[in-house]
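Q: Make the complex out of the two chains shown on their own, each in a separate frame, by following the hints.
Residues per chain are reported as follows:
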Amino acid sequence: SAVISQKPSRDICQRGTSLTIQCQVDSQVTMMFWYRQQPGQSLTLIATANQGSEATYESGFVIDKFPISRPNLTFSTLTVSNMSPEDSSIYLCSIWTGLNTEAFFGQGTRLTVV
Amino acid sequence: GESVGLHLPTLSVQEGDNSIINCAYSNSASDYFIWYKQESGKGPQFIIDIRSNMDKRQGQRVTVLLNKTVKHLSLQIAATQPGDSAVYFCALVTGSQGNLIFGKGTKLSVKP
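Which chain is which? The protein sequence lines are G and E, in order.
Each residue of the first sequence is one higher than the last, beginning at 1 in the numbering used here.
Each residue of the second sequence is one higher than the last, beginning at 1001 in the numbering used here.
Excised from the complex, chain E in its bound form (with noise of 0.2 Å):
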């Protein structure tokens, strides 16, 4: 079946630091990869996606890596601040219906 794991589940970093959090997918057919950060008392927010046929996506400060030989996923975040601060899920889409198997969470810290 479907897995989706995290390397990390707790991350810190300096102000102004570059982010790295990764995110593992089992074996899968799902061609549709997303990362949401959810804050305190909120629901999942959407960051970013990419699609299988890319490798590298880039938004506001932001990048995803897809590694499908490894099956691996990453969210790059640059100069980070505190407002990151926030726990952040990667999900994939499986099948044509929308719904999401999420990852375990990877919680990020930013110090001051």
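Looking at chain G on its own, in the form it has when it is part of the complex (with noise of 0.2 Å):
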């Protein structure tokens, strides 16, 4: 298994502004993704983030509101643009490391628009 880690791990920020969230990987990966966890709810998949192209971002999320960088192959970046509070939700980083394997997660970061 793979150590993944997320900063920050919850954060307060005021409607308007942006905030980035980072996951570090222990190793080396290709397949990275970001979801999106509201209140109460499950998990919903935000973009795909792979090493050397552009983000692919899943029905309902725009690069503009969530951009993503993708510098190697051991980190990433998802960065909510703009927040309202509806952004409140906890953003989880995973990744995969092949075919009939399961899908590793980082903490999350708790994040709260007032």
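Source of the hints: derived by calculation from the structure; they are not laboratory data.
Just so you know, these numbers come straight off a predicted model, no measurement behind them.
You may find that some hints are simply not true.
Below 30 Å or equal to it, Euclidean Cα-Cα: the simulated DSBU-like pairs (lysine-lysine) are [what the hints assert, rightly or not]:
#1 E:K1104 / E:K1071
#2 G:K7 / E:K1042
#3 E:K1104 / E:K1037
#4 E:K1071 / G:K7
A: What follows is the structure, given as structure tokens:
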């Protein structure tokens, strides 16, 4: 298994500001993903972030709102831009190491927008 | 499109009893299914997985059953313990890229 570290673990932010969440993995991985988990809800995929290419966003998520960087095989960032209270969620970084293997998750970043 | 759902949003069991958490999925070409456990303040943690060419797989105190005919997945926890209290999600892998579709989640509460 891999160790995935997310920073910050939680934050309270003012509306209209932006927050960048970092995801660091202790090994090189090709597939990295960002998920959102709204309060009391399940996880929804925001985008797939593969090194060397632009992130692929799921329906309902756009690059201007959730820009993603993937500078190397062990690191990625997700920015939540121009935040509103509706963005209050847990944001989770995930990696996948191959077919028929489980995805591993970071501990999440709990974001509260006030 | 794909959807994954759960029959019960909450489940309360007595310590020592067996727990069964269910999950239904819609028409899908997915051949890989995963159960995750999420404790408060933590990310999802892998419990057990199953491939579509199997109908049952056992781990330590956990068993996953897959019924492809009715598109149903279940997680059985034997001798449920207080440490099993968490939210449980089923997930299916779509395509070859590793992105997951998650079910709504079932909150398991274990009464001492």
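Q: Quick one: which hint numbers does this structure break? Sort them smallest to largest.
A: As far as the earlier hints go, only 4 is violated by this structure.
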